[in-house]
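Participant: All chains should be built: construct the whole structure from the sequences, respecting the hints.
Chains G and B, in that order, give the protein sequences.
First residue of the first sequence? That's 0 in numbering that gives the first Met the number 0, and the numbers climb one at a time after it.
First residue of the second sequence? That's 0 in numbering that gives the first Met the number 0, and the numbers climb one at a time after it.
For the record, the hints were derived by calculation from the structure and aren't laboratory data.
It cannot be assumed that every hint is accurate.
It does not matter which identical chain is meant; a pair holds if it fits inside one copy or across any two.
Here are the simulated SDA-like cross-link-like pairs (lysine to any residue), alpha carbons at most 20 angstroms apart as the crow flies [claimed, not checked]: (1) LYS186 to GLU17; (2) LYS146 to GLU75; (3) LYS146 to LEU60; (4) LYS145 to GLU75; (5) LYS146 to LEU73; (6) LYS115 to ARG1; (7) LYS146 to VAL78; (8) LYS145 to VAL78; (9) LYS146 to GLN102; (10) LYS115 to ASP232; (11) LYS146 to ILE195; (12) LYS146 to GLU76.
Given next are the chains, with one letter for each unit.
Protein chains: 2
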Amino acid sequence: MRIGRFHYRGEIFYGIVEGEMVLPVADPFQSLEPVSGRQFALPELDLLAPCLPTKAVCVGLNYRDHALELGMALPEEPVLFLKPSTAVIGPGEPIVYPAMSRQVDYEAELAVVIKKRARQVREEEAGDHILGYTCANDVTARDLQKKDGQWTRAKSFDSFLPLGPYIVTGLNPGDREVSLYLNGERKQHSSTAQLIFPVYRLVSFISRIMTLLPGDVILTGTPAGVGPVQPGDHVEVVVSGIGRLANPVVLQGGTVPIFA
Amino acid sequence: MRIGRFHYRGEIFYGIVEGEMVLPVADPFQSLEPVSGRQFALPELDLLAPCLPTKAVCVGLNYRDHALELGMALPEEPVLFLKPSTAVIGPGEPIVYPAMSRQVDYEAELAVVIKKRARQVREEEAGDHILGYTCANDVTARDLQKKDGQWTRAKSFDSFLPLGPYIVTGLNPGDREVSLYLNGERKQHSSTAQLIFPVYRLVSFISRIMTLLPGDVILTGTPAGVGPVQPGDHVEVVVSGIGRLANPVVLQGGTVPIFA
Numbered sequence: 000m001r002i003g004r005f006h007y008r009g010e011i012f013y014g015i016v017e018g019e020m021v022l023p024v025a026d027p028f029q030s031l032e033p034v035s036g037r038q039f040a041l042p043e044l045d046l047l048a049p050c051l052p053t054k055a056v057c058v059g060l061n062y063r064d065h066a067l068e069l070g071m072a073l074p075e076e077p078v079l080f081l082k083p084s085t086a087v088i089g090p091g092e093p094i095v096y097p098a099m100s101r102q103v104d105y106e107a108e109l110a111v112v113i114k115k116r117a118r119q120v121r122e123e124e125a126g127d128h129i130l131g132y133t134c135a136n137d138v139t140a141r142d143l144q145k146k147d148g149q150w151t152r153a154k155s156f157d158s159f160l161p162l163g164p165y166i167v168t169g170l171n172p173g174d175r176e177v178s179l180y181l182n183g184e185r186k187q188h189s190s191t192a193q194l195i196f197p198v199y200r201l202v203s204f205i206s207r208i209m210t211l212l213p214g215d216v217i218l219t220g221t222p223a224g225v226g227p228v229q230p231g232d233h234v235e236v237v238v239s240g241i242g243r244l245a246n247p248v249v250l251q252g253g254t255v256p257i258f259a
Numbered sequence: 000m001r002i003g004r005f006h007y008r009g010e011i012f013y014g015i016v017e018g019e020m021v022l023p024v025a026d027p028f029q030s031l032e033p034v035s036g037r038q039f040a041l042p043e044l045d046l047l048a049p050c051l052p053t054k055a056v057c058v059g060l061n062y063r064d065h066a067l068e069l070g071m072a073l074p075e076e077p078v079l080f081l082k083p084s085t086a087v088i089g090p091g092e093p094i095v096y097p098a099m100s101r102q103v104d105y106e107a108e109l110a111v112v113i114k115k116r117a118r119q120v121r122e123e124e125a126g127d128h129i130l131g132y133t134c135a136n137d138v139t140a141r142d143l144q145k146k147d148g149q150w151t152r153a154k155s156f157d158s159f160l161p162l163g164p165y166i167v168t169g170l171n172p173g174d175r176e177v178s179l180y181l182n183g184e185r186k187q188h189s190s191t192a193q194l195i196f197p198v199y200r201l202v203s204f205i206s207r208i209m210t211l212l213p214g215d216v217i218l219t220g221t222p223a224g225v226g227p228v229q230p231g232d233h234v235e236v237v238v239s240g241i242g243r244l245a246n247p248v249v250l251q252g253g254t255v256p257i258f259a
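Facilitator: Below is the structure:
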């Protein structure tokens, strides 16, 4: 099942997407039962980010092939960082290249969308707390990441967390193909079978640190092949069984370009 | 003026504290005009965390005396990290010592409470975006901070962000005395005159990265003298002109103590 978040004539709502029809639901974190009697044609609606996370919890180096490629030891435990809710944008919205950075990179990722409050959850129970999966781009100011040591500034700029297009339920998160296309050319391609810490283990681990709330997202890490974007570029994250999250890159308004 | 957040017979509300009286306000981020006709006696009310931040943006090493004591170069720019909303607790609520850590430290800080949306704000305009100031404890699992390199896990445990007791308006943030008392003994003591990046500069800097929302907090860094707590301890952050934020430390329920 595909769940989207939509805007139509001043109203914002969640809906189940069936072919070209959208059936509104009151609260997909409570029930996927459509609100009776209403339906919309998909092309009439504006598509928004599929959820409003209170936080995005992200995992560093988590692809076995990427770690080996870098010659790095596999981590013993997940290394976490947070992206703020203010970084979220939806499909088609622009990634804004900030004046403060000279190297902004894409990072294609599978994102987990939390269904219900998760605190001290065992790995076997993790699935009960997951609504579904979506595509994410963990946009990163690579120069600032290196300069600061801490990754927060580099990853927290407004627009640095594209999410979408839909939340897809009932998927096996362990065999998703994750790809990134830059201006139509494939730059990243791997499978979540390569995850060092698979999805249910991540949910359990994170829930032993901080309570996860409905709509919160977990970004599961990015595979090999990260690289820079420029204003004017078109970036797409594709996850098999989920869809295509496309965003243009634009220069921050009112600023002077600081790269050639 | 002192603004608190209160619970009384199932109702949660903000209020202006005048002596022993509390005058409810509808939304202190919009107006500090009391809702006419209602008042409460302070001792009748439960005191909650004074605001509900969507995010807490925190600054690493930011006290000149502390940096010099450590023999470290003064940073060129603030180093940021985030604490999630789920870490917030109020006055008197317990700091929960997690099973995952063997060294949990206190860190007394002055916290800035944002009044209205701040994006790309100049230093001269920062004051217009601040509602007031409160006390914060940036509780940190020091062992996990060292192990991970990234600070997020160490600082994001549930209960690791005590805030309160009140938001105080009209203060000069540049000459606050910040102290920490552990079981009545003073362990930290400095002045915000020692801040490497003062408050208005921090607001401006952070607002050029991520949009700050009403109720968001900025933690301005901690002075020298950080150290460990143990279950059973009583920790107090005192900021001059604001008040005293007191919290007990308890062991995480259902777990075996892992320290002697």
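Participant: Compare the structure with the hints numbered earlier in the document and write down the numbers of the violated ones, lowest to highest.
Facilitator: Checked against the structure, the hints that fail are numbers 1 and 10, while the rest are satisfied.
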